[in-house]
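*Asks:* This is what each chain is made of:
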Amino acid sequence: MEEKSLYQPYLMRIAANIDETPDVKTFRLEFVKEDEGKSFSFKAGQFGEYSVFGEGESTFCIASSPTRSGYIECTFRKMGRVTKSLASREVGDIIGFRGPYGNIFPLDDWKGKSLLFVTGGIALPPLRCVIWNALDLRNNFKDITVVYGARTVRDLVYKHELEEWGKRGDVKLITTVDPGGETVEWKGEVGFVPTVLEKASPSSADTVALLCGPPIMIKLTLPILTKLGFSQDKIFTTLENRMKCGIGKCGRCNVGKYFVCKDGPVFTFAQVSQLPPEY
Amino acid sequence: MADKKIIRKSSLGELFKKIRSDGKRILAPVDRGGKILFEYVDSPGSIAPDYIQTTLSAKDTLLPRCEEMLRFRTEQKSVYLEESLNRPEPTLIFGVRPCDARSIAVLNAVYLINYTDDIYRQKIDTTTIVGVSCAKCDEYCFCTSVGGSPGDTAGSDMLLTQMDNDIYLAEILTDKGKAIAALAPELFAEGGDVDKNKHCADVPVRFDVKDLSKRLPGVFEDPVWIAQSLRCIGCGTCSYVCPACTCFDIQDETDGNRGVRLRCWDSCGFAQFTLHTSGHNPREVQSQRWRQRIMHKFSYQPDQLDVIGCVGCGRCSRTCPVDMNILQHITDILEVH
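First to last, the sequence lines map onto chains A and H. Read in order, the letters of the first sequence are residues 121 to 399 in our numbering. Read in order, the letters of the second sequence are residues 42 to 378 in our numbering.
For the record, the hints were derived by calculation from the structure and aren't laboratory data. Just so it is clear, the structure is predicted and the values come from calculations on it, not from any experiment. Just to be clear, a hint being listed does not mean it is correct.
What the hints assert, rightly or not - Subject to a maximum C-alpha distance of 25 Å in a straight line, what follows is the list of computed DSS-like cross-link-like pairs (lysine-lysine):
(1) H/LYS118 with A/LYS124
(2) H/LYS59 with H/LYS219
(3) A/LYS233 with A/LYS319
(4) H/LYS46 with H/LYS58
(5) H/LYS255 with A/LYS382
(6) H/LYS118 with A/LYS153
(7) H/LYS118 with A/LYS198
(8) A/LYS347 with A/LYS319
(9) H/LYS118 with A/LYS158
(10) H/LYS59 with H/LYS46
Said to hold, decoys possible - Stretches of chain H that chain A covers, calculated by requiring three or more beta carbons in the stretch to come under 8 Å of a beta carbon on chain A:
(11) 288-297
(12) 309-315
The beta-carbon is built from N, C-alpha and C at its ideal position, and this holds for glycine as well.
Please build the complete structure, drawing on both the sequences and the hints.
*Replies:* What follows is the structure, given as structure tokens:
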């Protein structure tokens, strides 16, 4: 096979197009060239540059699990030029993908441990990759707990998967919406993620926490995790900064001396606490 | 050890002819109304007779302001990637000052370490640098403070130092340099065992760059950045004239159903450089962006890539529309306790 140029994307065909919320979509992407799909591999936590030819590139995580091969999935909100254009694509359309880039969640190191996922809104996609990865290797882990919140019921992403996880006996799922965001049928919690987490009070014994969400949620959740006994090196997150190249060359996503694209996006809060506030 | 020869200035015309017949285009400094710019020349007669520093560096030969990364064609639901037209042409750059030649080490570190950038790789592989030592400097020059010198050989394939009106010392430094000398061996004579230093400018050392690198992390939160950047208008000129700035943006351009993806120079001085789609900006004010410029060059790059991202050419200070002076600012930063 011909050596691909560093910036040359894989051509990907949209195989499924799911409306998660009014402005959030999930695409399932299959490789146009089968041999590229066969040789492609990635690990949980990695991201890529997705492109609409003629509009540009945009950075999102790979939201599907590496245990599911032959395709990748991405979930994005319609926000800027590229994501708005992406959102207007249909099943069968071709888009570009470069990757996988960045470091990984060290799942291999977590064998035998319990996993606690705490997340809100559109920050579930990077953790959804890890959740499915862990569920597909369920015997490798002890308890799996997911605490997920959104502003309103409408803003919850992966609604069908939440339902599926809720039915499984081997996942403890707690969903919540902000006060006022509930519907008549809503059976989950009502309240902010930190409050709901504190009420659930999951054990920190032999447990790794993964925390992704809006800055305010992170700020208020960290003290709760600390109170529950999680040390900062046992709490993992992903940082996000504006990126162009994804490989440490274009120069903009650095937080101090580290590039989020190359040295991240996965960091522990022990690492984050040493970084200047440039994220 | 470099092979040292002498070559007569009057022989350069013959050498240029041989280089041209060898299939290389020659870029050399030309005087354009007082601005000294690299242009394509066929003979040394076109070269600016006297200049301290070229107004712009020759960086855009290796890293063009805007260059094609890929080419595509869209047809209804299909996309076809087409062969890129961005192919390097064998080039010899003549008259590169030693500071600018030194900046190639920075470009190499960014573009070749970790992921090898093949677009850049092809350009550097097909480019030969013939440096010319500096006999003069001005108050903006500080190469000796960042590891260089007016007769520094780093980055040049061949370095010429003018010994008198008609004689250059030619230091043949690399295989590419040897290949140039081999085009006309009769022009390179023995007699190169001379002291070039007395023919080079005396550039005083203005600060200790190791000390600066060591101290920068400690002054990250200091108000010095605010004081220095109050007048900065965020125009990005400093990045555009810098021979060691490497940051870029990626943009698509289309014409009908055909398009190109371009890499274009960018600057950490621009607010948009780090602006998130949400409106959040991790470096939202100019002082944070100015700090990034200094931290990147003098702290992060030495730490992560083992290069200093500044070669002391002085162009940012010469061209800044609001007279920010990097030497003065570094001196002030070093005085922060």
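*Asks:* For every hint, state whether the structure bears it out.
*Replies:* These are the hints, each one checked on the structure:
1. For a cut-off of 25 Å, the pair hint linking H/LYS118 to A/LYS124 stands: about 23 Å separates their Cα positions.
2. Taking the CA atoms of H/LYS59 and H/LYS219, the gap is about 14 Å. The hint holds against a cut of 25 Å.
3. Taking the CA atoms of A/LYS233 and A/LYS319, the gap is near 22 Å; set against the 25 Å cutoff, the hint holds.
4. Between the alpha carbons of H/LYS46 and H/LYS58 the distance comes to roughly 20 Å, so the proposed pair stays at or under 25 Å and holds.
5. Simply put, H/LYS255 and A/LYS382 have alpha-carbon atoms about 24 Å apart, close enough for the 25 Å limit, and the pair holds.
6. With a C-alpha separation of about 15 Å, the suggested pairing of H/LYS118 with A/LYS153 holds against the 25 Å cut-off.
7. Restraint check: the Cα-Cα separation between H/LYS118 and A/LYS198 comes to about 21 Å, which is no more than 25 Å; the hinted pair holds.
8. Restraint check for A/LYS347 and A/LYS319: the C-alpha separation of about 12 Å stays at or below 25 Å, so the hint holds.
9. Under the criterion of a C-alpha separation no larger than 25 Å, the hint pairing H/LYS118 with A/LYS158 is consistent with the structure, at around 23 Å.
10. For a cut-off of 25 Å, the pair hint linking H/LYS59 to H/LYS46 stands: about 18 Å separates their Cα positions.
11. Given as covered by chain A, the segment 288-297 of chain H passes the check, having 7 residues with a CB less than 8 Å from a CB of that chain where 3 are the minimum.
12. With 3 residues carrying a beta carbon less than 8 Å from a beta carbon of chain A, the segment 309-315 of chain H meets the three-residue requirement, and the given coverage holds.
The structure agrees with every numbered hint stated previously.
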